[in-house]
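Colleague: Next come the chains, spelled out residue by residue.
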Amino acid sequence: MKIDHKIVASFLLFLMTVVCIVSGVEFLDMRTPDVIYPSEDLTKIGKLSDYFEELKDGSGDTDIYFFEGKEPGATVLLLCGTHPNEASGFIAGVLATENVKIKAGRLLIIPQACLSGFSCTDPMEGYPQSYTLESKSGERKFRFGSRVSNPLDQWPDPLVYSHFPSGQKLSGFETRNLNRSYPGRPDGTFTEKVGYAIVQLIKKEKIDLAFDLHEAAPEIPIINAIIYHEKSEDIGLNAILNLEFRDLRYAPERSPENFHGLSHREWGDNTDVYPFLMETCNPIQGRLRGRTNSELILTGKSPQYLAAQETGKLRIEYDAEGVPLDKRVARHLQGFLEIVNSYNEFFPEKTILLEGLPEYEDLLENGLSNYLK
Amino acid sequence: MIFWLYIVILVLLSLVIVKEMFEERDWKKQIALVMVLIPFILRIFLIK
Ligand SMILES: [Zn+2]
Chain A
1 MKIDHKIVAS
11 FLLFLMTVVC
21 IVSGVEFLDM
31 RTPDVIYPSE
41 DLTKIGKLSD
51 YFEELKDGSG
61 DTDIYFFEGK
71 EPGATVLLLC
81 GTHPNEASGF
91 IAGVLATENV
101 KIKAGRLLII
111 PQACLSGFSC
121 TDPMEGYPQS
131 YTLESKSGER
141 KFRFGSRVSN
151 PLDQWPDPLV
161 YSHFPSGQKL
171 SGFETRNLNR
181 SYPGRPDGTF
191 TEKVGYAIVQ
201 LIKKEKIDLA
211 FDLHEAAPEI
221 PIINAIIYHE
231 KSEDIGLNAI
241 LNLEFRDLRY
251 APERSPENFH
261 GLSHREWGDN
271 TDVYPFLMET
281 CNPIQGRLRG
291 RTNSELILTG
301 KSPQYLAAQE
311 TGKLRIEYDA
321 EGVPLDKRVA
331 RHLQGFLEIV
341 NSYNEFFPEK
351 TILLEGLPEY
361 EDLLENGLSN
371 YLK
Chain B
374 MIFWLYIVIL
384 VLLSLVIVKE
394 MFEERDWKKQ
404 IALVMVLIPF
414 ILRIFLIK
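Going down the list, the protein sequences come from chains A and B.
The first sequence begins at 1 in our numbering and counts up one residue at a time.
The second sequence begins at 374 in our numbering and counts up one residue at a time.
Everything labelled a hint here was simulated from the structure, so no lab data went into it.
Do not rely on the hints blindly, as some may be mistaken.
Claimed, not checked - Capping the alpha-carbon separation at 25 Å, the derived lysine-lysine pairs in DSS-like fashion look like this: (1) A:Lys2 to B:Lys401; (2) A:Lys6 to A:Lys103; (3) A:Lys350 to A:Lys231; (4) B:Lys421 to B:Lys392; (5) B:Lys392 to A:Lys56; (6) A:Lys70 to A:Lys350; (7) B:Lys392 to A:Lys231; (8) B:Lys402 to A:Lys2; (9) A:Lys70 to A:Lys206; (10) A:Lys70 to A:Lys169; (11) B:Lys392 to A:Lys141; (12) A:Lys56 to A:Lys101; (13) A:Lys2 to B:Lys392; (14) A:Lys141 to A:Lys373; (15) A:Lys6 to B:Lys421; (16) B:Lys392 to A:Lys6.
Put together the whole structure using the sequences plus the hints.
Modeller: Next comes the structure, spelled out in structure tokens:
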């Protein structure tokens, strides 16, 4: 029996509609905002569009949490979620927002700098869309996004991305990478506008010290590094020395002067801030990672990386225990606290005094779940 | 501007594919056509 081809076409179109609805619902779920419960010391929640009107109510208009102490002091920016597929930076930002207490100075936290990138995942990577963490109030779901802005917000990618204003050439994909888009411009691409707004915020709020938290694959040489602009060198090296005294190793990396578009270069060159970028080790970003699921985000355990490391042929920082999210967040927070302490030593007349954030050992002992509301 | 031009091109291509589906007699080719259509539809509705 031969079925009429028009009936087959109608049936296939119906099947296609079902597939589009089912996958569409799943994709749209990534637009549900992550929920953060700020600590009682919160002064106000601002928006990135307060510094560049054009972003208002759009997918780049991220929240800025302000914590202002009773005593005057330095203003610090903790910027997380530049790359939404790097969970430890984002979760360190969430943890800081939910726990910090401030005595002197001001702390501004942006947990999701590239908000647009939280609404999709990178194509061809098989990444999970979210992961679940235990917290004091039960399970909480967080989005695991893309390295770059959502293509729905910025399209098309050029073959070659030319950075403004340096003219430096990078691959076309990097045109949506926030950490290649500084200092940005008001009439540029979507991602350049977000970068521009962040630089305006640093200028307008007179930020003294700024952080950009990242993760990278085990085979990337800069993991476990603190990258600093040359003007931040003394503050950074002093902090790294103090971290060594706690048996925590961070590689000092001076920001290359001719590598443009990155926070540690452009914030430093274009504003008065002392910038720092920190990296932790995240196996899910690596090419050898094997099974790619939310478990890998949380445990950082990959048998493939262990095997690669045991061959001795690759320079990989990895051991059998893996690098769980707790440890990666603890490293970020301890690095942040030591750099803040170091800044206070260099500028005793203008300090920032923070409380409520767990030290490295405390976070590992009590677990991340005890610091999430 | 270029973004909307892209969407218009996608809509036109999708219409051509649907028309082609009803003219094609080989069911295997019809399946290939419908698979091409899925990402087009998701992009037209700005879902993915
Ligand atoms: Zn990164």
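Colleague: Each hint needs a verdict: does it hold in this structure or not?
Modeller: Each hint, compared with the structure:
1. For the given pair, Lys2 of chain A sits about 14 Å from Lys401 of chain B by alpha-carbon distance, which is consistent with the 25 Å threshold.
2. For the hint pairing Lys6 of chain A with Lys103 of chain A, the CA-to-CA distance comes to about 73 Å; that exceeds 25 Å, so the pair is violated.
3. Between Lys350 of chain A and Lys231 of chain A the alpha-carbon distance is near 18 Å, which keeps this suggested pair within the 25 Å criterion.
4. About 24 Å separates the Cα atoms of Lys421 of chain B and Lys392 of chain B, which keeps this hinted pair within 25 Å; it holds.
5. Between the alpha carbons of Lys392 of chain B and Lys56 of chain A the distance comes to roughly 41 Å, so the proposed pair goes past 25 Å and is violated.
6. Taking the CA atoms of Lys70 of chain A and Lys350 of chain A, the gap is near 14 Å; set against the 25 Å cutoff, the hint holds.
7. Note on Lys392 of chain B and Lys231 of chain A: the hinted pairing is violated, with a Cα-Cα distance of about 64 Å set against a maximum of 25 Å.
8. Proposed proximity of Lys402 of chain B and Lys2 of chain A is supported: the alpha carbons are some 16 Å apart, at most 25 Å.
9. Proposed proximity of Lys70 of chain A and Lys206 of chain A is supported: the alpha carbons are some 18 Å apart, at most 25 Å.
10. Taking the CA atoms of Lys70 of chain A and Lys169 of chain A, the gap is near 46 Å; set against the 25 Å cutoff, the hint is violated.
11. The suggested pairing of Lys392 of chain B with Lys141 of chain A is violated, with an alpha-carbon distance near 43 Å, which exceeds 25 Å.
12. A C-alpha spacing of about 29 Å is found between Lys56 of chain A and Lys101 of chain A, which places the hinted pair above 25 Å, so the restraint is violated.
13. For the suggested pair Lys2 of chain A and Lys392 of chain B, the alpha carbons sit about 21 Å apart, so the restraint of at most 25 Å is met.
14. Taken as a hint, the Lys141 of chain A and Lys373 of chain A pair is honoured in the structure, with Cα atoms around 12 Å apart against an allowance of 25 Å.
15. A distance of roughly 29 Å separates the Cα atoms of Lys6 of chain A and Lys421 of chain B; the hinted pair therefore is violated under the 25 Å criterion.
16. The straight-line distance between the Cα atoms of Lys392 of chain B and Lys6 of chain A is roughly 10 Å, inside the 25 Å bound, and the hint therefore holds.
Figure legend: structure checked against the earlier numbered hints; hints not met, in rising order: 2, 5, 7, 10, 11, 12 and 15.
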